[in-house]
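Sequences listed follow chains A and B, in order. Numbering-wise (the working numbering), the first sequence opens with residue 1 and increments by one. Numbering-wise (the working numbering), the second sequence opens with residue 1 and increments by one.
Hints are computed from structural coordinates only; laboratory data are not their basis. Just so you know, these numbers come straight off a predicted model, no measurement behind them. Certain hints may be false.
[Unchecked claim] Pulled from the structure, derived: some chain B residues nowhere near chain A, Cβ distances all over 10 Å:
1) Gly16
2) Gly28
3) Gly40
4) Gln41
5) Phe69
[What the hints assert, rightly or not] Below, simulated SDA-like cross-link-like pairs (lysine to any residue); rule was C-alpha separation at most 20 Å, straight line:
6) A:Lys71 / A:Ile48
7) B:Lys57 / A:Phe94
8) A:Lys56 / A:Asp24
9) A:Lys5 / B:Gly96
10) A:Lys56 / A:Ile18
11) A:Lys5 / A:Lys68
12) A:Lys5 / B:Gln44
13) A:Lys56 / B:Thr100
[Claimed, not checked] If you only want the chain A side, here are some residues facing chain B, beta carbon under 7 Å, derived:
14) Glu42
15) Gly43
16) Pro44
17) Phe46
18) Pro79
19) Lys98
20) Phe101
21) Thr103
Ideal Cβ positions, reconstructed from N, Cα and C, are used throughout, including at glycine.
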Amino acid sequence: DQQVKQNSPSLSVQEGRISILNCDYTNSMFDYFLWYKKYPAEGPTFLISISSIKDKNEDGRFTVFLNKSAKHLSLHIVPSQPGDSAVYFCAGNFGNEKLTFGTGTRLTIIP
Amino acid sequence: KAGVTQTPRYLIKTRGQQVTLSCSPISGHRSVSWYQQTPGQGLQFLFEYFSETQRNKGNFPGRFSGRQFSNSRSEMNVSTLELGDSALYLCASKAGESDTQYFGPGTRLTVL
Chain A
1 DQQVKQNSPS
11 LSVQEGRISI
21 LNCDYTNSMF
31 DYFLWYKKYP
41 AEGPTFLISI
51 SSIKDKNEDG
61 RFTVFLNKSA
71 KHLSLHIVPS
81 QPGDSAVYFC
91 AGNFGNEKLT
101 FGTGTRLTII
111 P
Chain B
1 KAGVTQTPRY
11 LIKTRGQQVT
21 LSCSPISGHR
31 SVSWYQQTPG
41 QGLQFLFEYF
51 SETQRNKGNF
61 PGRFSGRQFS
71 NSRSEMNVST
81 LELGDSALYL
91 CASKAGESDT
101 QYFGPGTRLT
111 VL
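Modelling step: build the complete structure from the supplied sequences, incorporating the hints.
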């Protein structure tokens, strides 16, 4: 049962444009959502999070939007830079315990 | 502060063998979680330890086990290895009730 789904395994975006990564979830008990970025041969690094009581959180070039009624969240990266090329994982958190991750989206920024 | 460290970084084993992976969390972090990453399944939760007690467990067979020591270092053991156990095993630590986990670089296990 995939509680967190990232339906796009890959995405290519021109440098300078907006990258939008999407994530859907089924578990309405999640109270926190997080985005992680992963480079090859490294562990995931935390990017940004959002509480389920909010609909938007912004940190520099990164903004996460949460639509609870649609059980959907998205990560916007503006402007996209070559260093943003990585695999992005969204994750849901319930009760401050284990994280449930999506399968990841590989983002490629084209110079 | 030093980050989460994992040893070894790479490991090759054969079917039927057992393996032990080690994780040292960030200093002061008492929670350690283990994840398995495979291309088709993404990151899947194995278990979490907090103050030497297993606090949470994912849906993995009993061949996967772990423990945590009094200094918060954790080990994960996989017995009777199968080809499908080939994966990147990631360890993450967090401080108490924080919702942010910090990941180590992982151990790449290949089972032949």
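Hint check:
For B:Gly16, the shortest C-beta to C-beta distance to chain A comes to about 28 Å, beyond the 10 Å cut-off, and the non-interface label holds. In this structure B:Gly28 is separated from chain A by more than 10 Å, as the shortest Cβ-Cβ distance comes to about 17 Å. In this structure B:Gly40 is not separated from chain A by more than 10 Å, as the shortest Cβ-Cβ distance comes to only about 7 Å. Annotated as non-interface, B:Gln41 brings its C-beta within 10 Å of a C-beta of chain A; the closest such distance is 7 Å.
The non-interface label for B:Phe69 is consistent with chain A: the shortest C-beta to C-beta separation is roughly 21 Å, beyond 10 Å. Note on A:Lys71 and A:Ile48: the hinted pairing holds, with a Cα-Cα distance of about 18 Å set against a maximum of 20 Å. Proposed proximity of B:Lys57 and A:Phe94 is supported: the alpha carbons are some 14 Å apart, at most 20 Å. Between A:Lys56 and A:Asp24 the alpha-carbon distance is near 16 Å, which keeps this suggested pair within the 20 Å criterion.
Between the alpha carbons of A:Lys5 and B:Gly96 the distance comes to roughly 28 Å, so the proposed pair goes past 20 Å and is violated. For the hint pairing A:Lys56 with A:Ile18, the CA-to-CA distance comes to about 17 Å; that is within 20 Å, so the pair holds. With a CA separation close to 15 Å, the supplied pair A:Lys5 and A:Lys68 stays within the 20 Å bound. Only pairs whose Cα atoms come within 20 Å are accepted, and A:Lys5 paired with B:Gln44 is accepted, the gap being roughly 13 Å.
At most 20 Å may separate the alpha-carbon atoms for a hinted pair to count; A:Lys56 and B:Thr100 meet this at roughly 18 Å. At its closest, the beta carbon of A:Glu42 sits 5 Å from a beta carbon of chain B; the interface hint therefore holds under the 7 Å criterion. With its C-beta approaching chain B no nearer than about 3 Å, A:Gly43 sits inside the 7 Å limit, and its interface hint holds. Evaluation of the A:Pro44 hint against chain B yields a held restraint, the C-beta minimum of about 5 Å falling below 7 Å.
Interface restraint check for A:Phe46: the shortest CB-CB distance to chain B comes to about 5 Å, inside 7 Å, so the restraint holds. Violation of the interface hint for A:Pro79 is found here, the shortest Cβ-Cβ separation to chain B being roughly 26 Å, above the 7 Å cut-off. Among the interface hints, the one on A:Lys98 holds; its C-beta lies about 5 Å from the nearest C-beta in chain B, closer than the 7 Å criterion. Against a cut-off of 7 Å between C-beta atoms, the interface hint on A:Phe101 holds, since the closest Cβ of chain B lies about 4 Å away.
The restraint placing A:Thr103 at the interface with chain B holds, with a minimum CB-CB distance near 4 Å, inside the 7 Å limit.
Comparing the model with each earlier hint shows violations of hints 3, 4, 9 and 18; every other hint is respected.
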